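In the working numbering, the protein residues as written are 17 to 238.
Honestly, I wouldn't trust all of these hints.
Quick list of the computed label-pair ranges, beta carbon to beta carbon [said to hold, decoys possible]:
hint: 1; residue 1: Asn228; residue 2: Asp47; range: 45 to 53 Å
hint: 2; residue 1: Asp75; residue 2: Glu143; range: 16 to 24 Å
hint: 3; residue 1: Glu225; residue 2: Ala54; range: 17 to 25 Å
hint: 4; residue 1: Ser236; residue 2: Asp58; range: 44 to 52 Å
hint: 5; residue 1: Ala54; residue 2: Arg200; range: 26 to 34 Å
hint: 6; residue 1: Asn43; residue 2: Asp197; range: 26 to 34 Å
hint: 7; residue 1: Glu115; residue 2: Ala54; range: 18 to 26 Å
hint: 8; residue 1: Glu225; residue 2: Asn201; range: 21 to 29 Å
hint: 9; residue 1: Asn43; residue 2: Arg203; range: 39 to 47 Å
hint: 10; residue 1: Thr107; residue 2: Ala41; range: 23 to 31 Å
hint: 11; residue 1: Leu145; residue 2: Asn43; range: 19 to 27 Å
hint: 12; residue 1: Arg237; residue 2: Glu143; range: 18 to 26 Å
hint: 13; residue 1: Arg234; residue 2: Leu51; range: 20 to 28 Å
hint: 14; residue 1: Asp197; residue 2: Gly229; range: 16 to 24 Å
Calculated from the structure, these hints are not laboratory results.
As the structure is a computational prediction, the values presented were derived from the model and not from experiment.
Cβ coordinates follow ideal geometry from the N, Cα and C atoms, glycine included.
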Amino acid sequence: MKAILMMTAAATALAGCSYSSHGPAENRSFDRAGLVAAGDIDATGSAEYAGMFVDAGGDIGNNLSLAGANVVSDARVGGNLNIEGAQIRFTGSVAGDTEIAGATMYLNGRFGGRMEVMGARATIDGEVLGELEALGARFNLEGRFTSPIYVVGGGREGRNGRVVISGVLEQGGYICASQVDIHRNARITGPLTIIAHDRPDWTGSYDFEPLNGRDCERISRG
17 MKAILMMTAA ATALAGCSYS SHGPAENRSF DRAGLVAAGD IDATGSAEYA
67 GMFVDAGGDI GNNLSLAGAN VVSDARVGGN LNIEGAQIRF TGSVAGDTEI
117 AGATMYLNGR FGGRMEVMGA RATIDGEVLG ELEALGARFN LEGRFTSPIY
167 VVGGGREGRN GRVVISGVLE QGGYICASQV DIHRNARITG PLTIIAHDRP
217 DWTGSYDFEP LNGRDCERIS RG
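The whole structure should be built from the sequences, with the hints applied where relevant.
Dropping the structure here:
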């Protein structure tokens, strides 16, 4: 979170807006920076946006990096995606890996590789093909996860967060949080381990372990 605050302060200091491109046509990359960094681009290479308000779209052949206080994107990314911000909304697609850190996040797209998410609150919808690793206070898992998930609740003063599952977990995984809720419309297959204060009210098969006052971040997955 400290890194996010530093990034936001730096974005505020940018008085103007700059736009540049570099590299040959077959691997051309773009940079946008300013108080507002916005616009759709078609980049055969990579792209970077930085500002207080970021709105990025278009087709990015390689990697996309976004940093801002408020970040919105529906870009189609051929490589990896990296986002740092306070409020984040991504509704595009990513062929590679995804790393996102923010306070409030809404992610609804197709994510082809691994996903790492860290922050206070996140809703993850759409389709995640690689493993999910998440650390935060509250997660709503509404999408389809085709690989194992690893979710660890966090928060102030030893609070271990809450995880709500209403989507599809095709290969189970590991969840540790103060509270884990599994909705009726959720579909879960594969081995699943849940560590929480109370056993979820769900009739499916899973391994349960009482949290017993422990800190999820200090428990080894084994």
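Outcome of the hint check:
| no. | hint | in the structure |
| --- | --- | --- |
| 1 | Asn228 <-> Asp47: 45 to 53 Å | holds, 50 Å |
| 2 | Asp75 <-> Glu143: 16 to 24 Å | holds, 19 Å |
| 3 | Glu225 <-> Ala54: 17 to 25 Å | violated, 47 Å |
| 4 | Ser236 <-> Asp58: 44 to 52 Å | holds, 46 Å |
| 5 | Ala54 <-> Arg200: 26 to 34 Å | violated, 41 Å |
| 6 | Asn43 <-> Asp197: 26 to 34 Å | violated, 46 Å |
| 7 | Glu115 <-> Ala54: 18 to 26 Å | holds, 22 Å |
| 8 | Glu225 <-> Asn201: 21 to 29 Å | holds, 25 Å |
| 9 | Asn43 <-> Arg203: 39 to 47 Å | holds, 42 Å |
| 10 | Thr107 <-> Ala41: 23 to 31 Å | holds, 29 Å |
| 11 | Leu145 <-> Asn43: 19 to 27 Å | holds, 26 Å |
| 12 | Arg237 <-> Glu143: 18 to 26 Å | holds, 24 Å |
| 13 | Arg234 <-> Leu51: 20 to 28 Å | violated, 41 Å |
| 14 | Asp197 <-> Gly229: 16 to 24 Å | holds, 20 Å |
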